[in-house]
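A.B. asks: Can you build the whole structure from these sequences, using the hints too?
Read top to bottom, the protein sequences are chains R and P.
Just so we're aligned, residue 1 is where the first sequence starts under this note's numbering, counting upward by one.
Just so we're aligned, residue 316 is where the second sequence starts under this note's numbering, counting upward by one.
Keep in mind that the hints are not guaranteed to be accurate.
[What the hints assert, rightly or not] Sample of chain R residues lacking proximity to chain P, with all beta carbon distances greater than 12 Å (derived):
| hint | residue |
| --- | --- |
| 1 | Ala118 |
| 2 | Ile133 |
| 3 | Ile182 |
[What the hints assert, rightly or not] A partial selection of chain P residues facing chain R, derived with a Cβ cut-off under 10 Å:
| hint | residue |
| --- | --- |
| 4 | Met375 |
| 5 | Leu380 |
| 6 | Gln405 |
| 7 | Arg408 |
| 8 | Asn413 |
| 9 | Ser416 |
| 10 | Met417 |
| 11 | Thr424 |
| 12 | Val429 |
| 13 | Ala439 |
| 14 | Met490 |
| 15 | Ala491 |
Just so you know, the hints here were simulated from the structure itself, not pulled from any lab data.
Glycine residues also receive a C-beta, built at the ideal position from the N, C-alpha and C atoms.
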Amino acid sequence: MDRIEPASLAGVDTSARDALRSDTDEIDLIPVRTFWQLARQRFMQHRLAVIALFVLAILLVMATVIPLATGIQYRLSDLRLINDGPSLTAPLGYDEVGTNIFIRLAKGTQSSLIIGGAAVLIIVGIGTFVGAISGYAGGWIDNVLMRMVDVVLSLPVLFIILMIVSFFGVGDIRVVIIAIGITGWTLAARLIRAEFLTLREADFVQAARALGAGHRRIILRHILPSAMAPLVVAAALGVADSVVTEAALSFLGYGISPPDASLGNMLNKVRIYFFSAPERILYPSVVLVLIVLCASFLGDGIRDALDPRQRIASK
Amino acid sequence: MTNAVDAGDVGLLELRDLKTHFFTQDGTVRAVDGVTFEIRDGQTLGVVGESGCGKSITAMSVLRLIERPGRIIGGEVLLRGKNVLNYSDQEMRDVRGNQISMIFQEPMTSLNPVYTCGDQIAEAVELHEAISRREAWGRAIEMLAQVGIPEPARRAKQYPHQMSGGMRQRVMIAMALSTNPELLIADEPTTALDVTIQAQILELMKALRERNKMAIMLITHDLGVVAEMADEVVVMYSGKVFERADALTIFEQPHNPYTRGLLASIPRLGDKRERLEVIRGVVPNPLNLPTGCLFKRRCPYAMPVCDTPPPVRQVKAGHISRCWLTPESEPPSIGADAPPEVAEAAAQELTVAGR
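C.D. replies: In structure tokens form, the structure reads like this:
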């Protein structure tokens with residue numbers, strides 16, 4: 001044991017000794033970071049998610065700015081420009097009816113993103129509501145709701161959507177959104193329910209109950225924030241799913257039909273040029289794949305960022 | 316049931332023949348089976364027993380936090396003379412965290428990981444008092460200071476994972492006391508902490524008990540903690556109260572063989588023995604309880620008469636014990652191995668004396 005001689009301390013000035021003593025409280029000197037600061041730090045570590053955010057941002061800007069700037073050009077055809085090659089005003093050239101492909105692609109991306117975003121709201125909304133009640137209540141309520149999920153799952157989704165769309169109006173974007181929304185919430189509901197089932201038994205939920213918190217407060221304030229991870233995953237998958245479903249629907253001619261633009265109906269139109277102009281198939285496909293991939297990666301990143309238990313790796 | 320309840324005196328909390336059973340697929344588990352005791356204002360009651368003896372379920376029953384497949388099937392929980400078992404859900408929520416607060420065993424998991432400590436204390440206050448967010452936050456900081464957390468204003472903004480176990484238990488205590496409850500139920504508050512922190516937390520609870528003039532129901536299996544804190548002690552076994560007396564009597568003159576066994580199994584410094592004194596056997600399977608005395612299979616004093624459920628007898632004023640043994644003097648040296656006729660005779664004699 002090294003014993004400190006009183007004499008050795010005598011000459012030292014007090015500030016140094018105070019510094020020595022406060023050494024034990026070093027942890028208290030680490031600045032307190034807010035939740036969002038921490039979340040941002042965790043997000044930035046997720047390189048793929050950052051790239052995905054970047055790509056999605058570019059797509060979003062293009063899908064907003066270009067249709068705004070060019071008005072109805074996406075549906076105008078100029079017969080003199082049929083199959084014209086790329087130029088400065090039309091980086092991707094003109095299609096077989098003389099429409100600017102780039103502008104049309106931007107408009108199609110816009111439709112896809114609107115549908116993906118709006119449908120996912122419905123999906124997450126219904127999914128969270130059903131999943132939360134099911135997992136929290138348990139018992140027969142859980143049973144009834146989950147059997148309902150099974151029923152919806154057992155339906156041939158695309159067929160149901162086709163039916164709804166053809167019944168309520170082909171080509172109406174709102175009908176497409178609702179049709180995708182009300183058939184796609186089952187996965188979200190199951191994920192949320194599973195999370196609620198475990199969290200319901202968590203000690204901190206018991207503690208909240210012992211403090212006199214009511215059911216609504218426990219569900220909304222104590223369990224839901226911790227169930228964020230599966231919620232974000234469900235949302236990311238929901239966006240990807242909705243965009244693909246919309247494309248399939250439009251490809252079949254039941255979604256958004258020309259002259260309105262969508263990635264699906266663009267694909268449908270160019271399928272006959274598979275051998276003569278394969279690059280035209282590539283354009284909408286690449287955008288579609290980018291949206292789906294980026295949504296997934298972004299979802300991953302956000303999920304990890306929002307998890308306060310996740311450690312921040314030191315540089 | 317014999318118990319010494321002073322007539323006319325409305326205590327803080329009184330349990331009367333409380334029964335909480337769990338209806339599982341394998342059968343009925345009588346987790347709490349006829350528990351009777353009371354807690355007076357400012358008193359600290361220690362509830363002691365092995366794991367699974369129904370201590371925690373008793374506490375949860377008081378707050379009516381029993382979940383399926385459990386159910387409170389009988390008895391009364393009188394809070395200031397009113398039976399909380401008849402309260403509506405809303406009335407019950409007003410009691411929880413307000414009149415009666417609870418702190419849990421696991422400080423590591425009992426705090427919500429997604430909110431700051433200050434947030435959680437403030438919420439506890441907001442639940443029961445019409446108070447602005449800012450005032451609640453102020454109270455939270457004040458409470459953190461009261462439970463001895465340095466730099467409370469800064470600590471309030473930290474998340475539970477940024478704190479140590481002892482700190483978190485302090486936060487839990489701050490949360491429980493933020494509404495100034497009349498009764499604090501502490502369910503093994505120091506079990507998950509190391510010894511020095513344990514001592515600090517117990518000191519803190521003592522200090523706050525004096526300051527707030529509140530009663531504490533201290534659930535523990537640690538007799539050392541009981542000796543440190545409790546005024547009165549309830550010893551539970553397999554869902555029943557086996558002995559109840561003031562703390563000094565429990566430690567100095569325990570009557571029940573189970574209590575004696577518990578006390579004998581505490582290791583002591585300077586002990587020369589090779590092995591620890593233990594209570595033989597294991598806690599009976601709650602689905603398959605023995606007939607008669609629940610402790611008879613493990614009891615060194617077991618007699619044939621123990622096949623009949625033992626009476627709850629008053630040993631002396633304020634001291635009751637659930638046993639066939641006579642209250643007077645030492646129990647007779649009749650073991651389970653004793654010749655049947657000797658035991659029979661002794662049991663006969665005791666039964667008469669007991670009735």
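A.B. asks: Now tell me if each hint is right for this structure.
C.D. replies: So, going through the hints one by one against the coordinates:
1. Chain P leaves Ala118 (chain R) outside its interface by the beta-carbon criterion, the shortest separation being 28 Å against a cut-off of 12 Å.
2. Non-interface status of Ile133 (chain R) relative to chain P is upheld: no Cβ of that chain comes within 12 Å, the nearest being about 16 Å off.
3. For Ile182 (chain R), the non-interface assignment is confirmed: its Cβ lies about 30 Å from the closest Cβ of chain P, beyond the 12 Å cut-off.
4. At its closest, the beta carbon of Met375 (chain P) sits 8 Å from a beta carbon of chain R; the interface hint therefore holds under the 10 Å criterion.
5. The closest approach between the C-beta of Leu380 (chain P) and any C-beta of chain R is roughly 6 Å, which is under the 10 Å cut-off, so the hint is satisfied.
6. With a least beta-carbon distance of about 8 Å to chain R, the hint placing Gln405 (chain P) at the interface is held under the 10 Å criterion.
7. Taking 10 Å as the C-beta cut-off, the interface hint given for Arg408 (chain P) holds, the closest approach to chain R being about 4 Å.
8. Residue-level restraint check for Asn413 (chain P) holds (minimum Cβ-Cβ distance to chain R is 6 Å; threshold 10 Å).
9. With a least beta-carbon distance of about 7 Å to chain R, the hint placing Ser416 (chain P) at the interface is held under the 10 Å criterion.
10. Hint status for Met417 (chain P): holds, given a least beta-carbon distance of 4 Å to chain R, under 10 Å.
11. Contact between Thr424 (chain P) and chain R, as hinted, is supported at the beta carbon level, the nearest pair being about 4 Å apart and thus within 10 Å.
12. Satisfaction of the interface hint for Val429 (chain P) is found here, the shortest Cβ-Cβ separation to chain R being roughly 4 Å, below the 10 Å cut-off.
13. The interface hint given for Ala439 (chain P) is met, as the beta carbon of that residue sits about 5 Å from the closest beta carbon of chain R, less than 10 Å.
14. Given the 10 Å rule on beta carbons, the hint for Met490 (chain P) holds: about 7 Å separates it from the nearest Cβ of chain R.
15. The restraint placing Ala491 (chain P) at the interface with chain R holds, with a minimum CB-CB distance near 8 Å, inside the 10 Å limit.
Checked against the numbered hints listed earlier, the structure breaks none of them; every hint is satisfied.
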